[in-house]
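Each chain, letter by letter, is given below.
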Amino acid sequence: MTAALEIDHVSHSFGRVTALDDVSLTVPRGGFTALLGVNGAGKTTLFSLITRLYDNSSGSIRVAGHDLRRQPRQALARLGVVFQSRAMDADLSVRQNLAYHASLHGIGRSNAAARIEAVLAQVGLAEKSGDRISALSGGQQRRAEIARALIHSPDILLLDEATVGLDVKSRAEVLALTRRLIADHGVSALWATHIMDEIQPDDDLVILHQGRVLRQGSAGQIAAGQGLTRAFLDLTGVAAA
Amino acid sequence: MSDRSFPPRAWAIAFAGIARRETLRFVNQRGRFLAALVRPLVWLFIFAAGFRAVLGLSITPPYQTYVLYEVYVTPGLVAMIQLFNGMQSSLSMVYDRETGAMRTLLVSPFPRWFLLASKLVAGVLVSIIQVYTFLAIAWLWDVRPPVWGYLTVLPALVLAGLMLGAMGLFLSSAIRQLENFAGVMNFVIFPMFFASSALYPLWRMRESSTLLHDICAANPFTYAVELIRFALYGQVNWLALAVVLGCLAGFFGAAVFMYDPSKGLWARRKGTA
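Chains as they are written, first to last, in the numbering used here: chain A, 1 to 241; chain B, 1 to 273.
Just so you know, the hints here were simulated from the structure itself, not pulled from any lab data.
None of the values given here were measured: they were computed from a predicted structure.
All C-beta atoms, glycine included, are put in the ideal place defined by N, C-alpha and C.
One thing to keep in mind: the hints can contain errors.
If you want a taste of the chain A side facing chain B, the calculated C-beta under 10 Å gives, among others [unchecked claim]:
| hint | residue |
| --- | --- |
| 1 | P72 |
| 2 | N97 |
| 3 | H101 |
| 4 | H105 |
Here are some chain B residues pointing at chain A (derived, C-beta under 8 Å) [claimed, not checked]:
| hint | residue |
| --- | --- |
| 5 | G17 |
| 6 | V67 |
| 7 | L68 |
| 8 | F110 |
| 9 | V147 |
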């Protein structure tokens, strides 16, 4: 079975600044993969390449077996993305926003209505469908963003620092929701974060630092009994700096 | 799963979705609608009334007789509505880019040129609503082109709106931050409007300064104004039509290039979209 996401020897530069250097990683189907790195590690650049906001200058990216450069339509149709910053229209209702995003995937009104009901139920916002985005709490807005990312039934969810700016309770809810989607609906997830607490020992973990992948494996193995924070600091040399 | 191959109906759905969103945003921003109307109405009611007394206009096509200055300036004000609407769309795209909303549009599986074209057409539809509202008020002010002119002007409004919207789209790809938009106002909108045939005929400009006349004659906005002016009287200004079509192709091509993930400035920037 093909992986949900395969990134193979991808590099990217902005002028003379190398943002990603020979990055390779795999997100298995139906799994939760955490992408851990400090701010500036290259997580957002990697997400921009996966979502084809930029083209990668070298290497290849395959989404559910579809090469992003040669089959962008098929690849992008299988991606659901939650960006770090708010991406929904604050002046429109949750339902209007979701209908708009359904249309961006070619989903007609009647199908969209059914999908909207389903995804709002999945994220626990069924009763907020008529509310404007600006009227929702931070945690609810993030859940609405996840509903938006799910509207076209993607194979893989990309979540870029999805809990940034949320209080502890909302953060836990968003993380639990993502894990539940994986368990109940078989979606895969690539979860970019710089918060160690969000990673569990069973999770697949990729450590990205200064544009390079330092390790990929199970978080428990990488922690190797010394704790993930210690292992991360040793690997990246952040403590020494 | 959504259909991955996108039948023709899916393209129509995507376009309708983008158009619906632009309309909803427009409806939700009533201040924007009022501002778009007040601006040309101030020019029509106050500026034109004052100029009527000092500016004589000889008979120039498409007019077959002497016309009041209000009549002359109306097509220019119609184009002004479309110019500001195009810039407003550009502003909203820069804002969407800063907030992240632009990313959700650009990661759609539809081709980027189609997404940008849909957004452009949707913006033009909104501007046409504003134009007809303005023309209705101008009618009450005794600016009364032939009745069929209201119909024949529609294709000209679509083309002029597309050209000015495409220019805004291109500018939005080049503007790095929302703060830079004030510069666009000073260096694009005002010079384009004033250095055109919107307020004065080009022969009047030549009397004053040959250089100024040449600048006005090189300004694409002049041709948008003239296309609308002639169409409002059931005529086609072929030169204006050719220039508007050429500029539309040029601006839109440049915008698509700039927003292309592998080309243009978009690809070389960090933290955009």
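A quick look at each hint next to the structure:
1. Interface restraint check for A/P72: the shortest CB-CB distance to chain B comes to about 7 Å, inside 10 Å, so the restraint holds.
2. Against a cut-off of 10 Å between C-beta atoms, the interface hint on A/N97 holds, since the closest Cβ of chain B lies about 9 Å away.
3. Taking 10 Å as the C-beta contact cut-off toward chain B, the hint placing A/H101 at the interface holds, the least distance being around 6 Å.
4. For A/H105, the shortest C-beta to C-beta distance to chain B is roughly 5 Å, which falls under 10 Å, so the interface hint holds.
5. Interface hint at B/G17: satisfied, since its Cβ lies 2 Å from the closest Cβ of chain A, which is below the 8 Å cut-off.
6. At a threshold of 8 Å, the smallest CB-CB gap from B/V67 to chain A is about 42 Å, leaving the interface hint violated.
7. Interface restraint check: B/L68 against chain A, minimum CB-CB distance 41 Å, threshold 8 Å, status violated.
8. Restraint check, B/F110 versus chain A: the minimum CB separation of about 7 Å is within 8 Å; hint holds.
9. At about 37 Å, the closest approach between the beta carbon of B/V147 and any beta carbon in chain A exceeds 8 Å, and the interface hint on this residue is violated.
Of the numbered hints listed earlier, those contradicted by the structure are 6, 7, 9.
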